[in-house]
Amino acid sequence: MSTTTAPAAEITRKSRNLVEMNWDPITRIVGSLGIFTKIDFENREVAECHSTSSIFRGYSIFMKGKDPRDAHFITSRICGICGDNHATCATYAQNMAFGVRPPALGEWIVNLGEAAEYMFDHNIFQDNLVGVDFCEQMVKETNPGVLAKAETTQAEHADLHGFKTIADIMRALNPFTGSFYREALQMSRMTREMFCLMEGRHVHPSTLYPGGVGTVPTVQLFTDYLVRLMKYVEFMKKVVPLHDDLFDFFYTALPGYEKVGQRRILLGCWGSFNNPAVCDYTYKKMSDWGRAMYVTPGVVVDGELVTNDLVDINLNIRILLGSSYYDDWQNAETFVRTDPLGNPVDKRHPWNQTTIPRPQKRDFKGNYTWVMSPRWYDKRTGHYLALDTGGGPIARFWATALAGIVDIGYIKATGSSVKIYLPKTATLPEVEFEWKIPKWSNAIERDRARTYFQAYSAAAALYFMEQAMKELHAGRTATWTDFTVPDEAIGCGFHEAVRGVLSHHVVIREGKIANYHPYPPTPWNANPRDSYGTPGPYEDAVQNTPIFEENGPENFKGIDIMRAVRSFDPCLPCGVHMYLGNGKVLDTVHSPMFGLH
Amino acid sequence: MPEQIPYGRSTQRPSPVPEIHIVWMTSGLGCDGDSVSITAAMQPSIEDVVLGAIPGLPKVYVHNPVIAYEVGDDFLKHWYLAAEGKLDPFVLVVEGSIPNEKIKREGYWAALGTDPATGQPIPTATWIDRLAPRALAVVGAGTCATNGGIHAMAGNPTGCMGLQDYLGQTWKSKAGLPIVNVPGCPVQPDNFMETLLYLLYQVAGLAPMIPLDDQNRPKWLFGRTVHEGCDRAGYYEQGDFAEEYGSPKCIVKLGCWGPVVNCNVPKRGWMAGIGGCPNVGGICIGCTMPGFPDKFMPFMDEPPGARLSSNAVGVYGRAVTALRSITNHTVNKEPKWRHPRRELTTGYSPVSY
Numbered sequence: 001m002s003t004t005t006a007p008a009a010e011i012t013r014k015s016r017n018l019v020e021m022n023w024d025p026i027t028r029i030v031g032s033l034g035i036f037t038k039i040d041f042e043n044r045e046v047a048e049c050h051s052t053s054s055i056f057r058g059y060s061i062f063m064k065g066k067d068p069r070d071a072h073f074i075t076s077r078i079c080g081i082c083g084d085n086h087a088t089c090a091t092y093a094q095n096m097a098f099g100v101r102p103p104a105l106g107e108w109i110v111n112l113g114e115a116a117e118y119m120f121d122h123n124i125f126q127d128n129l130v131g132v133d134f135c136e137q138m139v140k141e142t143n144p145g146v147l148a149k150a151e152t153t154q155a156e157h158a159d160l161h162g163f164k165t166i167a168d169i170m171r172a173l174n175p176f177t178g179s180f181y182r183e184a185l186q187m188s189r190m191t192r193e194m195f196c197l198m199e200g201r202h203v204h205p206s207t208l209y210p211g212g213v214g215t216v217p218t219v220q221l222f223t224d225y226l227v228r229l230m231k232y233v234e235f236m237k238k239v240v241p242l243h244d245d246l247f248d249f250f251y252t253a254l255p256g257y258e259k260v261g262q263r264r265i266l267l268g269c270w271g272s273f274n275n276p277a278v279c280d281y282t283y284k285k286m287s288d289w290g291r292a293m294y295v296t297p298g299v300v301v302d303g304e305l306v307t308n309d310l311v312d313i314n315l316n317i318r319i320l321l322g323s324s325y326y327d328d329w330q331n332a333e334t335f336v337r338t339d340p341l342g343n344p345v346d347k348r349h350p351w352n353q354t355t356i357p358r359p360q361k362r363d364f365k366g367n368y369t370w371v372m373s374p375r376w377y378d379k380r381t382g383h384y385l386a387l388d389t390g391g392g393p394i395a396r397f398w399a400t401a402l403a404g405i406v407d408i409g410y411i412k413a414t415g416s417s418v419k420i421y422l423p424k425t426a427t428l429p430e431v432e433f434e435w436k437i438p439k440w441s442n443a444i445e446r447d448r449a450r451t452y453f454q455a456y457s458a459a460a461a462l463y464f465m466e467q468a469m470k471e472l473h474a475g476r477t478a479t480w481t482d483f484t485v486p487d488e489a490i491g492c493g494f495h496e497a498v499r500g501v502l503s504h505h506v507v508i509r510e511g512k513i514a515n516y517h518p519y520p521p522t523p524w525n526a527n528p529r530d531s532y533g534t535p536g537p538y539e540d541a542v543q544n545t546p547i548f549e550e551n552g553p554e555n556f557k558g559i560d561i562m563r564a565v566r567s568f569d570p571c572l573p574c575g576v577h578m579y580l581g582n583g584k585v586l587d588t589v590h591s592p593m594f595g596l597h
Numbered sequence: 001m002p003e004q005i006p007y008g009r010s011t012q013r014p015s016p017v018p019e020i021h022i023v024w025m026t027s028g029l030g031c032d033g034d035s036v037s038i039t040a041a042m043q044p045s046i047e048d049v050v051l052g053a054i055p056g057l058p059k060v061y062v063h064n065p066v067i068a069y070e071v072g073d074d075f076l077k078h079w080y081l082a083a084e085g086k087l088d089p090f091v092l093v094v095e096g097s098i099p100n101e102k103i104k105r106e107g108y109w110a111a112l113g114t115d116p117a118t119g120q121p122i123p124t125a126t127w128i129d130r131l132a133p134r135a136l137a138v139v140g141a142g143t144c145a146t147n148g149g150i151h152a153m154a155g156n157p158t159g160c161m162g163l164q165d166y167l168g169q170t171w172k173s174k175a176g177l178p179i180v181n182v183p184g185c186p187v188q189p190d191n192f193m194e195t196l197l198y199l200l201y202q203v204a205g206l207a208p209m210i211p212l213d214d215q216n217r218p219k220w221l222f223g224r225t226v227h228e229g230c231d232r233a234g235y236y237e238q239g240d241f242a243e244e245y246g247s248p249k250c251i252v253k254l255g256c257w258g259p260v261v262n263c264n265v266p267k268r269g270w271m272a273g274i275g276g277c278p279n280v281g282g283i284c285i286g287c288t289m290p291g292f293p294d295k296f297m298p299f300m301d302e303p304p305g306a307r308l309s310s311n312a313v314g315v316y317g318r319a320v321t322a323l324r325s326i327t328n329h330t331v332n333k334e335p336k337w338r339h340p341r342r343e344l345t346t347g348y349s350p351v352s353y
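Line order of the protein sequences matches chains D and X.
Under the numbering used here, the first residue of the first sequence is numbered 1, with each subsequent residue one higher.
Under the numbering used here, the first residue of the second sequence is numbered 1, with each subsequent residue one higher.
If we strip away everything but chain X, and leave its shape as in the complex, we get (with noise of 0.2 angstroms):
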């Protein structure tokens, strides 16, 4: 028996958490790709999330230095107020891979503010020991930061990773969740807004707990693989293969991961269903992965493991073209009853017009 609803705007109920901000970190290794992308989404959009256009939901403070209106120590006084536990509940938000402060002597590689104390800027990693134990969630947003991403590749000065390695896999906020992983380079504009929109139902007691994969990353975003999502797959099954970038065909040949890498952009595209990678005509690099880049390089050669897949459906892939070039040819035809002639052949009988 479903709950009786009284009709009118008393079915509004207020949010049990009335307020709520979000603190997010841009001073990661990273490029400000992911508040970029935030700024792309549509679904929803960050004016909706901030001028409170979805019912049901707290009232949402945005701290995040690519919009906000406040600029210097007028900024970073929410960051000293979370740290001391006078900014509560709030959700905390990190772009950009952590670096290693400890492998070197003095200075720093990366930092926000600067400490009155001593003059001197203040590390990222310690913004983050200082904030996530006091979070009610923490949510990486994009590759750098969920798994260090580009600048945590083979080769770097600085020592970079992902808020798990630094965190620790099995760490959880003060709420009990886990880090909520949201990778992507950058991260997907509506897949960073919807997760989002999902702690915040969690948050007014909404939705239930977010289901996360043994990555740590929503379900229902990150379940499938792109070439599961991908509208060039039908090529893949037929054997058909681009053997040039600019084909419409199958890419897998030219450097498309897409077959074993978990993301949703094929099928979701990149903004308002326009765009995305192996369906517009680029390869699927694998920029959601925690092997992300290095187990994806040199980019532009056949994967490694696609060889012997695409080869085995080569067989079956052409047999099957060519029996749906027959069946092609024939529904490409009308049936032969459409025609002006003085006569109906259509099957149907009048005994008279």
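Extracted from the complex, chain D is given alone in its bound form (with noise of 0.2 angstroms):
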């Protein structure tokens, strides 16, 4: 089977002085994630790049036989930083498998609670994690030539955001003594305070449910959200052009810096936010709910929108062993054969995934990592898309500028850019960004597409914020519907996590769990080689990626690599491993005339 990533890097040249460099653990991520490198100094360039997840927990397993309705309690445990998401996705498959509808104000409280997810999430990754990597700190260890040009560099928005060169911009970054390092972080703070309001704690949610939230919504609970939400519209009018400015400097002074990060455009996004109107959470209406959502779904190929049809978005999954620990499931049962609709099922498919664990000996020519390898079946070419997520925002914002649906006033999807509108604050007045289908798929756009998300976010909360109030204003008070839990059913539910695309799909038998197989925006990103040796999107990235570092082998950061795999905004317990050692050249491979050692 033909593939759509050539793994070319692969092949190392015979002339190539490759040198072994591995960072393991990858930190200012969330979970264990190890990249292993070879690097072509000469040619200053990554050759090859094996990514690896070092933690197995085994949610599929056991969560077998437990009480379907205890599902989003559980799943929630999966991830530390957007559990929730993880919790919110698990109700939606619980709402289809009980045939379960909330009433829509307890959506709209869903919604609001996810979309402080985003803004906090985001926003502490983003300029507390990712940040890090573009401070001046960092860049005077790396870069120190980039450092100067910084330094009498003027960022263009100043006026904004109050930084005169874009090494202020950087110093502002240094960890814990920057001031917007530490600014960025008490916002963070606030906006999981906007989350608490709406689903009780901060990761993982005490008020949510099948069927709708447990919330209360009184007048204080929408003003204590409010107020906090205006401060966060206020800050990112800073954020914004301060963001932008930092990432049009990468591109001026480091001609060429579009290629750090780059792959093949190849983005999926499942969807967020559901619109109560339209949403009844049936798989036979799943189609138009989805084309409904405030974020639209999408499969993006080379620019092009290949679906935004979440029925032909979820039968195209595929779940590949690629180079895992994992045996292989064929012989196991087959839980679904067609879906509600009559559609086959693939036996690939999370429905009928069996997870057998096999623990063994890492081998980069074999297996070695815990993390399968999701894809998307393209049925136009007959191949295996290895999509990635670019971290989120990037893909969302594709597939929801192209699909041109999204217009609730404060956002507007317009083809080929999605506007976002802020009305004014205390201080300031009412501005428009516009984030526009930019030319690559790389690292400075996926972290910038981020900013703007953020930016989206708070927009989308103000619409949800009026529609609550609506809905509490007529005395439509309900926030969740009882339902119960049928002896026998499927479902499946479609979310955008905070990284990227979140899918839960469970099976009922004898009002039991019978199988269900979550699939995160991680095992997306961060997966091997597959079964077809196409590398995935991590290994791609980072493979090929031109290193600008200015220090040699000795005292290699890697951080041209850092800033490629942390755009995609790695998250391990969902599912990876990058291997660079600390400067230290391993070992080295051919032509060892050039004598490194």
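For the record, the hints were derived by calculation from the structure and aren't laboratory data.
Bear in mind that the values here come from a model prediction, so they are computed numbers and not experimental data.
Any given hint might turn out to be false.
[Stated by the list, open to error] List of simulated lysine to any residue pairs, SDA-like, C-alpha gap at most 25 angstroms:
1) D:LYS284 / D:GLY342
2) X:LYS267 / D:VAL219
3) X:LYS104 / D:PRO359
4) D:LYS361 / X:GLY159
5) X:LYS104 / D:GLN330
6) X:LYS253 / D:ASP482
7) D:LYS365 / X:PRO116
8) X:LYS102 / D:THR355
9) X:LYS295 / D:GLU510
10) X:LYS295 / D:GLY511
11) X:LYS174 / X:ASP88
12) X:LYS102 / D:ILE356
13) X:LYS102 / D:ASP363
14) D:LYS140 / X:ALA68
15) D:LYS361 / X:ALA117
16) D:LYS365 / D:LEU321
17) X:LYS59 / D:GLU183
18) D:LYS512 / X:MET297
19) D:LYS64 / X:PRO298
20) X:LYS253 / X:TYR316
21) X:LYS104 / D:ASP327
22) D:LYS64 / X:ILE103
23) X:LYS295 / D:GLY58
24) D:LYS231 / X:GLY273
Using the supplied hints, reconstruct the complex from the two chains, each of which is provided in its own coordinate frame.
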């Protein structure tokens, strides 16, 4: 079977002098990831990359036989930074399986909670974790020439964010001592308070249930949320131009930087924020209510929207074993032969997956990770696409922009861009931001989209607030609908975890969970070479990344690789591991005359 | 006679221990939710501790992979130094449960870093074996680390367990401290940072031995039940129970385990007094407890023991509610002397105005 991303970097040219370098663990992400690379310092590029995850927990195994109503409480614990995305996605799957539709107000409360999660999580990741890769301390260690240039480069939007030069922005990003680092950290707390108002607790919600929420909808609840939201809206008016200035600087300071973390445009987005007027959680109408989501689902290949139909998206998910530590399930039970519309369901679909762990030695020529390789089958070409999520926002924007459906006053998808309107706040006038489809799917554009999506989430929350208040003022205060658990049912939930696509698939038999498979973004991004040899997106994006760092192998930090990997917002409790050894030359292969030892 | 303290900066005694390291492992079977929790804490915040905003404490270096500046071996060198006794004194914080690596032939369930000799991952359990004996104190952050938690539920493939199952109930650090358990799924942000702060005070000689209960939990945090701190307990007393989620009444009949769970969250809120569990409409699923999760599942059914007590309170509750309703009616009326008429009826009799 042909594949779409050629593993070209596996072919090591004879003349190459490759240095094996590994980073294990990758820090400033959530979870356990190692990146193992071979670097060609003469040609200043990464020749080969393996990504590995060092944790196995076994959710799909220990959930078997449990009460299906417990699924969202349990699966929230998959992730400690976006657990609520899992809990929410699980309730979507439960709602479908139980045949229950929450009251509109319950849905708006969930949307407000999830919007707060995006506002919090993108904020802390961008400015307290990724931001450190762009801070003064780091740039001084990796690219003193770039820092010198930053000192003399005026920030275009200095009047909006208050930092005169790009180096001032970088200083503000220094961990703990930087003023913007600390402001962002504080903002990440206020947004988590917003989250707690709607869903009880961060990060594992207490008030979320199948059928709706237990949150008590009072005037006070929404007032408390709104005043915080408006502070965040004001913050966004500084943050978006600040990041534009910083990211644009890297393109000009380091010509060719667009190649860092670049890969073919292969993006997946499973949609976010259900519209209670349309979403009835039935599988049969899933295509319609999927398109009515306030972030439009979609698969984007080479800049073209292949589909935005959730049924289509669902049926073409394939889980390949790849180079992971699991046995195949070809001989295990087939749980779902056809979907409720009568379409055949593949044996490699999550509904039919059986997880059989096989712990073993790590072997980069064989199996080397606990992450399987999810792929999306493109029936036009017969390819198993290694879609990535780009850390979430870039895929959400791309799919939403191309579909051109979302139009809610504060947000408008135009077909080639997404416009975001933020109203007047305490000290700043109204503004419009426009995210435009970029030329590349690369590290800088993934990071830029993240900032813009923070603004998108705030704008969406303004709309959800208005809708929730309408319900409250009209006296429609129910937030939860009762249900009974059927003996036999199937369900699926589609959502966007902060860092990208999220699906939960459940099979219920005799009132218990017979099969449950969550697919979060990280397995999509962090997976290893699949059964056809196609590398996973991290591997693909890091391979052939040019090296701009000024350090040689002796004190190499791998900053360009770090920026490439972190642009995906790795979150490994969901599923990775990269390896480049602290600037030490661990091994050289080929051409010993270069004499690196 | 209190100690005479002279005015001025000389009162700020430097800590007898000038520096301390926090070596924080997130590589158990967890979700990093407890690390994320510490970034939410404000009492104190992580930057309060790292930047020295609390007087009298040693300089604190936190080595946590979620927030670390360094990557890969630059980061792991602190682990190697700690294992060699070259990072003393340090506190070891463990997050996530510890899988049983003895139940399989080869490979690993959970690991951190790569062994340079073999090229294979270093199991989390190996790191605990190396670090625990050298640590001043060992702290379990979150229920996975303290007792096993979600990943240790029935039917799990990894045989994972909490720190005290792994090291032993009676284990003591080289400084004589038992394992300090701060459970919660995830840990309540301020509960954890406050416990850490207490231990830093103790290291600085400013506090006596940390008071722990029989489960090695800080007594001041886990000495009360959810119910005792819940603002919905008044509904319980009146026998007024919610039939549906979204009601402001007591939700014990909808699956809340609050009356028997040790936790301060309804009292403290989740962040800045906001959020929580039954106080805001979320059933208590017992996430701080050693029996979590199995002994509380299925979560959304009324706890078996609750039926008897909630029925018993019903008769008394209805009577009390009726009486209170009468009184409530009375106190909702103003006294009769507040009026705009041309006469004073308050009871005061002036000679003249």
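Structure versus earlier hints - violations, ascending order:
none
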